[in-house]
Amino acid sequence: MQRELKFQREANPEWARQVSERPGGEGVFSCLQCGACSGTCPLSIYMDFGPRRIIALVREGFRKDALSSQTIWLCASCYSCTVHCPRQIHITDIMYGLKREAIQERLYPRRFAVPILAQEFCAMVRRNGRSSEFWLVLRMALRSNPFILFGMMRTGWDLLRTGRLSLRRERIRDVSALPRQEVA
Amino acid sequence: MPAAYGYFPGCSLKGTGVAYEESLLTLFRLLELPLAELDDWNCCGATSYMSIDERSAFQLSARNFALAHKANHRDLIAPCSACYLVLRKTQDYVERYPQTGREIAASMGNGSLKVFQSVRVRHPLEVLYTDVGPGEIRKRMVRPWRGGRVACYYGCQMVRPYGEADRDHDPTRMDELLAAVEAPTVPFSLKTKCCGGSLTGTTHEVGVRLNYILLKEAARKGAQAIATACPLCQYNLDAYQHEIRRATGERLEMPILYFTQILGWALGGDRAALGFQRAISGRREIAQWFPKSPAGKRAEKEAYV
Amino acid sequence: MSERSAPVRIGVYTCHCGTNIAGTVDVKALAEFAATLPNVVVSRDYKYMCSDPGQDLIRQDIREHALDRIVVASCSPHLHEHTFRTALKVGGLNPYYFHMVNIREQASWVHENKAQATRKARDLVRAAVRRVAFHQPLERARVAIHPDVLVVGGGIAGIHAALTLANAGKHVFLVEREPTIGGHMAKFDKTFPTLDCAACILTPKMSAVRSHPNITLWTYAEVTKVDGYVGNYQVRVLRHPRYIDEDLCSGCLECIESCVYKQAKVSDEFNMGLSRRRPIYIPFPQAVPQVPVIDPETCIQFKSGKCKKTCVEACGDRHAINLAAEPKEEQIEVGTVILATGFQTFDARRTPYYGYGQYPNVYTALEVERLVNASGPTGGEVVLRDGRKPQTVGIVHCVGSRDENTHRWCSRVCCMYSLKLAHLIKEHTGAEIFNFYIDIRTPGKGFEEFYQKLLTEHVHFIRGRVAEVTDWVLDPGEEGKLVIRVEDTLAGFVRRVPVDMVVLATGLEPRADAADVRRMFNISCGGEGFFLERHPKLAPVNTFTDGIFLAGCCQAPKDIPDTVAQAGAAAAEAMALIDAGYVETEPNTAHVDQEVCCGCKTCNSMCPYHAISFNAEVRKSVINEAVCKGCGTCVAACPSGAIRQNLFEDEEIFEEIEGILTNV
Amino acid sequence: MSEDFEPKIVAFFCNWCTYLAADLAGTSRIKYLPNAEVVRVMCSGRVDVQFILKAFARGADGVLIGGCHPGDCHYQEGNYKALRRFRLVQRLIEQMGIEKERLRLEWISAAEGDRVRVVINDMVETLKRLGPLNQTEETRARLMEVA
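Protein chains in written order, with the working numbering: chain A, 299 to 482; chain B, 31 to 335; chain C, 1368 to 2031; chain D, 7 to 153.
Some hints could be false.
Stated by the list, open to error - In the DSSO-like style, the derived pairs of lysine-lysine whose C-alpha atoms are separated by at most 30 angstroms in a straight line are:
(1) C/K1812 - C/K1554
(2) D/K106 - B/K144
(3) C/K1395 - D/K106
(4) C/K1395 - B/K251
(5) D/K37 - C/K1414
(6) D/K134 - B/K144
(7) C/K1812 - B/K246
(8) C/K1904 - D/K134
(9) C/K1848 - C/K1592
(10) D/K106 - C/K1592
(11) B/K251 - C/K1592
(12) C/K1481 - D/K37
Think of the hints as simulated: they come from the structure by calculation, not from any bench.
Remember, it's a predicted structure, so these values are computed and weren't measured experimentally.
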């Protein structure tokens, strides 16, 4: 049995303000809760909250619920919500902000492939300046769930035989120019 | 000879989306539009990066802008919708959020924000529509269309807030360009719905389901092929058709083409040079619609890795 | 410098306005400060200066302290300058020995830091005290009011205003752009919440207008030019030829029947293109005037000149049809104007994701109004374009309303008309009806009860802004239907609702030409483009231009009851002016000091009203103060400083500047 | 530049557009910087060259003129006259060594309450960058004599 009662002490209005002050975050407080975002989102039907309720959680300062949600990681950033929002709230950009915070706070769902891919991608690009799809997928799989590799074999072969899967590690010459600093 | 367009391939066009690059370069050659690849470009800092570390993501595209500025490109063509969006978003943020702008500038050493305004990030669809135009394309058409009906699939990111590739809710430019080469298109209500992007790799079932819906609706509208303008869309729609059949038992196989392949073919481009051999699904249709020339055969062998 | 004998005796009054001012400006300190200023004899602060006791304070002090100048630091002069000037008058002082300091709208409400706000207020009071010392006694001039009234727009607002005035014995010119009066209301079937038939309540008023001896009705006509000022407007009206003489026509309509077009081909504007009409037509059976009109765009005679002119034959010896008719210009004199130019509905094509114009079975609410209307294109049958009866209908609320991408305002009537249409469609077809809303707004007499009624009629209410209306199929049941995709925000999941018919509850927006009309009548528009009222609460039908009043949706979206009420109010305001017989104009006019004028004529070209003329004998310019509007442009232009403007004398403004800038 | 420098702006607002916009800003509780103090005139066309010079001479750091948008003047064309005069005075003050940014003309309609905030805040920022207007005795004298 899960408790459905929320105490006000669980809310963090200060955090809500911070989110609203991030670039792209302005407007969270003007949300009508009309649901146009969740209605148009191609993935909301798989999400635990969906964009509308994420905004509701943010506004009311329920930080933990928002950051540990699956919703933010299922967002494929197609920006459909953003262009449909009658208040022009940059929902996708807010999602990005929440993802970053979830990573920093290590609140993201464990063994959930999306954040892992993101991290691997990020690390790879920091190192080489470019991503090499093959190696990226490999590392992602190894860290999340190696068995998915079996599922991928057919596709992998298809790509290979059509010359679309290069095993080369892409790398730029001037790697020194790449952003160094690690995430806090 | 007009000034060369800067060309920012992005990672995908060197991998799974190589056919997009091949057809794009061929098409621009046929149109006598010079295209110069940005030297030592780096990852645009796309979706995944954004969700880890926004500032670095911006710094990444900042470097690309600096390169484009150095090479004094007025236009920078980004065929991958994700690259296109991220680059434009960076410009937008520099514009709208002085603080972010200052941070990015600072990170760029010399720190001049001019580099952001000087370059115009453009999508090939918009370049071909506005700089060349359906009329000119029709004039240059040498091959009549022998293929089936096509559903134009624009995908999401190129028509979204930071883009200006086409109208965001009901884009029509790809349809108009294809009409110019007499390729019959079908009305496609899902033309701006998301293909799931990288989800096919992470939350596989969900990602594949999205593409199943796209294929099914395209077929229902009588389409025999789908035209795309983004490497991720093409990959997702192309690579999982066998799997969809296994899962649903429905036969939805159809070729997933790049609109640049269709235009390039109409303008007389070589089959191999347009990357048709790189298709995974609908190879039979492709063989019929875009028949091989003897010369093509050899070229194709070499093209394989 | 103006000659002054004894030093003036100034009273300064600081208003708390409850906490509106006192909350941010230290009123006590301000009053104490004012007391220290030169010539200030009395300085007080009080809770509400505009209240009776507040005004009494001023009157007493004038008596007891022999004050001869008054400064009140309170709200905007646009709100209470008149109030306090009257107080001076009653207190036996010339009302123009007064200056008002705006420390509410322009200080306490716009600043947060109390010290800074108080500092600013102090500067402004100092400036006023210095200025007011130079004020001169002034008299208001009287301008006679022409008793006739112009009403622009023949919708329910214009009709009601015109009749009200006409019944009070005023002569009214009613100008309507369309060939008939009636406006949008004439298109409606029933009206919410009482469901009484629109025609039954409107058409009697329409014919009353036609037959009223005090109303000159010009339909198919437009105002093209407006000159003059309150009491004396000269208006030019262009009357388009309808090619049928209104006086000769008996309204038998045989000409229409006899038209060579056997079946109608032209899209019918009145029925929103849902039916066809002939080139010679009457908008709808109860149209006023009952006179057909020929549309030259489509009439063969006008296009090719080769028509049998069967209409002319049919008219016979009445000779009402004159195909050679020319546009006619009318020039009229009126004292006041009532603008009732109405609204237009939002163009649903601007929200492509709702499929209007793409899917034939997506309708706008106004189109459906015609469908349910017994005298409409289908005789009241609610059928789809392919003739089927809809089994399921989805009504999408807030289309082009409450949306930053289109219009941010709430159009106020959509909720109620959607409920009405839901009821009517259900009544006509027995269809299952879904309302998709963000919020249901029913704040009106009998409105909430109507909502209740609908709920018990088992109409579905789904709270969620519709994401899209589409034809892609995900479920076998959706084949051949339109699918409404929406998050049911109350049930908490996304739904796909297949329907046969979609009704878009499009919002109300300003007419496309509102900006031109506004310029022509020299009034303002609000940010959203509707005409701006003088004060949202205290002067809702007045504009900033005296003698020009607003009625109906040209001011903001509103329903029929509110429109009629506002039209009545506008008529009353006009009457108040007319019956007073005159208006007093502000005395802030300009005049030329003949001694100083060097006759350079610089000013002559400055005046937009041609109030300045040049007296050749004495070689000096003179201003006709009756014509002068008091803008002061000539004053600023005069190189020799010979022109002075009452209430805005150079010295007065210099003093104000000095006051603001003392101790910087 | 001294951080605590608070520029002083004399603002001439026309009665029908900009003054109403300032009122609207108030009724909408829009917050802006308190550095501008308003002198109400019936029309921006009334703003005399002397007013502007006097203001500078008396130590104003900036002068702001607010009128109706072109074509919207309550008196038909007063704002155009204001514009002409404004250009003239800008040149004049520049010759006197006063930066022309210190004199600003803005069209603000009765509906644009927020515009008042934007303009005033922006002008304050500009003036803070320029610093106080400390004219030489000689400039002041010249100003006074023209004013």
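Comparing the hints with the structure gives:
no.: 1; hint: C/K1812 - C/K1554; result: 23 angstroms, holds
no.: 2; hint: D/K106 - B/K144; result: 26 angstroms, holds
no.: 3; hint: C/K1395 - D/K106; result: 40 angstroms, violated
no.: 4; hint: C/K1395 - B/K251; result: 77 angstroms, violated
no.: 5; hint: D/K37 - C/K1414; result: 24 angstroms, holds
no.: 6; hint: D/K134 - B/K144; result: 25 angstroms, holds
no.: 7; hint: C/K1812 - B/K246; result: 51 angstroms, violated
no.: 8; hint: C/K1904 - D/K134; result: 40 angstroms, violated
no.: 9; hint: C/K1848 - C/K1592; result: 52 angstroms, violated
no.: 10; hint: D/K106 - C/K1592; result: 40 angstroms, violated
no.: 11; hint: B/K251 - C/K1592; result: 56 angstroms, violated
no.: 12; hint: C/K1481 - D/K37; result: 13 angstroms, holds
Figure legend: structure checked against the earlier numbered hints; hints not met, in rising order: 3, 4, 7, 8, 9, 10 and 11.
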